[in-house]
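*Asks:* Just so you know, the protein sequences line up as chains B and Y, in that order.
Just so we're aligned: the first sequence equals residues 5 to 453 in the numbering used here.
Just so we're aligned: the second sequence equals residues -17 to 291 in the numbering used here.
Treat the hints with caution; some may be incorrect.
[To be verified] Anything over 12 Å on all C-beta distances counts as not near chain B; from chain Y, calculated:
id	residue
1	R13
2	R174
3	K270
[To be verified] Taking lysine-lysine and the DSSO-like style, the derived pairs with C-alpha atoms no more than 27 Å apart in a straight line are:
id	chain 1	residue 1	chain 2	residue 2
4	Y	K192	B	K91
5	B	K335	Y	K98
6	B	K160	B	K58
[Stated by the list, open to error] Some, not all, of what chain Y presents toward chain B, calculated at C-beta under 10 Å:
id	residue
7	T80
8	E101
9	Y102
10	A105
11	S107
12	K109
13	G117
14	G120
15	L122
16	D191
In case anyone wonders, no lab produced these hints; they're calculated from the structure.
Here a beta-carbon is modelled for each residue, glycine too, at the ideal position from N, C-alpha and C.
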Amino acid sequence: MSKLTFSIGGIHPADSKLARESKIEVLPLPPKVYVSMFQHLGAQAQPVVAVGDKVKAGQIIAEPGGFISAYVHSPVSGTVKAIAPRKDLAGFGVMHIEIDVEGDEWAEGIDLSPELVTDIPEDREFILNRIKMCGVVGLGGATFPTHVKLNPPPGKTADCLIINGTECEPYLTSDFRIMLERTDEIVVGAAIMQKVLGGCKCVIGIEENKPEAISAVRASIKKLGFPGISVGVLKKRYPQGGEKQLIDAVMRRQVKSGGLPIDVGAVVQNVGTSLAVYEAVQKNKPLVTNVMTFTGNIVPSERQHNYLFRIGMPLSFIAEQAGGVPEGTVKLVSGGPMMGKAIANFDATTVKGTSAILCLGEETRRHPETPCISCCRCADACPMGLEPFLLKKLYAVGDTAALEQNAVQDCIECGCCQYSCPAYVPLLDNIRMAKAQVMGIIRARNAKK
Amino acid sequence: MTETIIWTVSVLTVLGLLLSLVLFWVARKFRVEEDPRIDEIEKTLPGANCGGCGFAGCRAFADAAVKAGNLDANYCPVGGPETMKKVAAILGCEVKETAPRVAVVRCNGSCANRPKVNEYDGAASCKVKSSLYGGDTGCLFGCLGCGDCVAACQFGALSMDAATGLPVVDEGKCTACGKCVAACPKRIIELRDKGPRGMRMYVSCTNRDKGPVARKACAAACIGCGICAKTCRHDAITVTDNVAYIDFSKCKLCRECEAVCPTGAIHGVNFPKALDKEAVKQRIAERKVKEGDASTTVGMTEKKEAGNE
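All chains should be modelled from the sequences, with the hints used to inform the complete structure.
*Replies:* Structure follows, in structure tokens:
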């Protein structure tokens, strides 16, 4: 079978999967955790515990604040010390629940044994409810509540579930490690989601630079014998893990501007989400743990780690466990180097979607901006077929009508344009602003209707 | 040869005469009747077309003023009261006296007062920077220093001070058009009354964090302690959301607030003499004794006693 990939744009950044050989290690518990109320896309969660309450690990401590929102559970057992705003990694104040850690006692009804459970519950509503009550969100980056995504609006049916194991961002190896170490669980998770979506086919998309993962997943599918699950081998290319790019690569279908994957009959879920779904449905274990990578181009090889962390752990605590931030670090990034966020506040804590801490050296510092030379490399690199140089110019003159015509709202903020620009023009920085402006106008217009 | 020249000249002359007649007729027939006062007012206006009045340009301003027949909705901040008087004379109506205003930068977070906690190497735009994260200092409310306001000013009245990293307003050039106010994503620039001979008081901080947090981020932050509000005899100062604000219509420029402010967040500018803080504090204490109302000190002792109990 030929290798798959998406049709337009894309870049080939250096692989840099430095931590690929490090097995997943379980982090010790810090003395205190700070659980953010804003760990998912949509409305902020509302705390349901009070200061002084005793909580157990896995107990619900906050309820969804709207339709698109998620439950938040206590990652540890202990006492609620405070419910107050605290700075997140960008330095903005977000409501956090502070918990003093006392022992490690889990709430009742949670199965912590490592045994694989392959019998999938029959009732679709039961599965969806488990996923919702366990606060599962998409772990591919956007943290969209999974129960909403797995429940397509009436009249729309999914005919392909794509499990995203591409991990196209350089440096990140957490998805690779779980595909090696938790293979069976991921496959069962995929089968569960397949069932919820009405028994459509399922493709687990993995990039060719992870041959071990491809063979491990293939062997597991064969062993477990779930029907309709296959592995799709993809070429190495960024941003292959983007929802629309992955659908294009695997199904050869294009999502129209302003459309959703379900419009072309596709649902995309990350391998991490698949694991979380397995734990939620088969073990009743809420999403309070996830795997992350501690890596970077100046981190020595013996200090590259893949960690199983609990939500609410301070980033600085994790760095300490990994032997500290190496000298010469000029940038700390949470997530991958392409789409991750710079860490402005190292006391910020992990959230459900945290995928990595990157320590990057001097050579990653940005170059000063020079004038655009109209080479159009950005337009060649854009996987959405946009013209980034034009969008930047239109934003500078404030022409929102032309920005909308040129589909700025379709930008997936992958950063390919900025990466490929030889003049170091901050294209994405400007386009992101333009997108926010145009999205605001579109929302206001829709609200009027 | 001569014949050709004669023919050419005569044909062109006749053609020219005929076309001029056509043009004359068109100009008479399709003439747009316009109020001559619009032109007159436009000439009086500064002609900067800055949009500070809220209209697209000076002609749009003149048009609107003539159509309305009064100046209730029109004020040219660039021309100021003198221009407005001239415009009013043309329209034959009254104009409200409006005090001249000036842009005031309400942030005192210079490099010395507000240490940097990280380094920003993204696009040089305050708007972009504020959308990405909380800023390169501990203060979430202060100046980001990328100079969006400087770029927005059409009159060259704003410039970045390299030593402090803050924008500086040239009062002579500032026309109070408000472009910088709109350009600042942190909303730290405010249009304030220029005051008599340029003398005015203002709180040079917009930090709404609680006192200790604000103080930790910036040595010159307003910590919302309220001493200024207690000291003020003219009821001009209010403290909301941990930050003081001076109402310039009530301020009598006594400078007592500036003297008592523990962080130096209150600024008085263009005063002929430098402020002697100790002398003013002395004056306040004497006045309190005379009035038999030592509420500030009494209040503090009461609190201490309550704490001891």
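*Asks:* It remains to establish, for every hint, whether it holds in the given structure.
*Replies:* Evaluation of the provided hints:
No beta-carbon of chain B is positioned within 12 Å of the beta-carbon of R13 of chain Y; the least distance is around 35 Å. Under the 12 Å C-beta cut-off, the non-interface status given to R174 of chain Y relative to chain B holds; the minimum distance is some 28 Å. Chain B leaves K270 of chain Y outside its interface by the beta-carbon criterion, the shortest separation being 38 Å against a cut-off of 12 Å. For the given pair, K192 of chain Y sits about 14 Å from K91 of chain B by alpha-carbon distance, which is consistent with the 27 Å threshold.
At roughly 15 Å between alpha-carbon atoms, K335 of chain B and K98 of chain Y fall within 27 Å of each other, so this suggested pair holds. Of the pairs offered as hints, the one joining K160 of chain B and K58 of chain B is violated, with about 44 Å between alpha carbons and a cut-off of 27 Å exceeded. Interface hint at T80 of chain Y: violated, since its Cβ lies 29 Å from the closest Cβ of chain B, which is beyond the 10 Å cut-off. The beta carbon of E101 of chain Y is positioned within 10 Å of a beta carbon in chain B (closest approach about 8 Å), and the interface hint is therefore held.
The restraint placing Y102 of chain Y at the interface with chain B holds, with a minimum CB-CB distance near 9 Å, inside the 10 Å limit. Proximity of A105 of chain Y to chain B holds as hinted, the smallest CB-CB distance being about 4 Å (cut-off 10 Å). Contact between S107 of chain Y and chain B, as hinted, is supported at the beta carbon level, the nearest pair being about 7 Å apart and thus within 10 Å. For K109 of chain Y, the shortest C-beta to C-beta distance to chain B is roughly 6 Å, which falls under 10 Å, so the interface hint holds.
Against a cut-off of 10 Å between C-beta atoms, the interface hint on G117 of chain Y holds, since the closest Cβ of chain B lies about 7 Å away. At its closest, the beta carbon of G120 of chain Y sits 8 Å from a beta carbon of chain B; the interface hint therefore holds under the 10 Å criterion. With a least beta-carbon distance of about 7 Å to chain B, the hint placing L122 of chain Y at the interface is held under the 10 Å criterion. At about 9 Å, the closest approach between the beta carbon of D191 of chain Y and any beta carbon in chain B falls short of 10 Å, and the interface hint on this residue holds.
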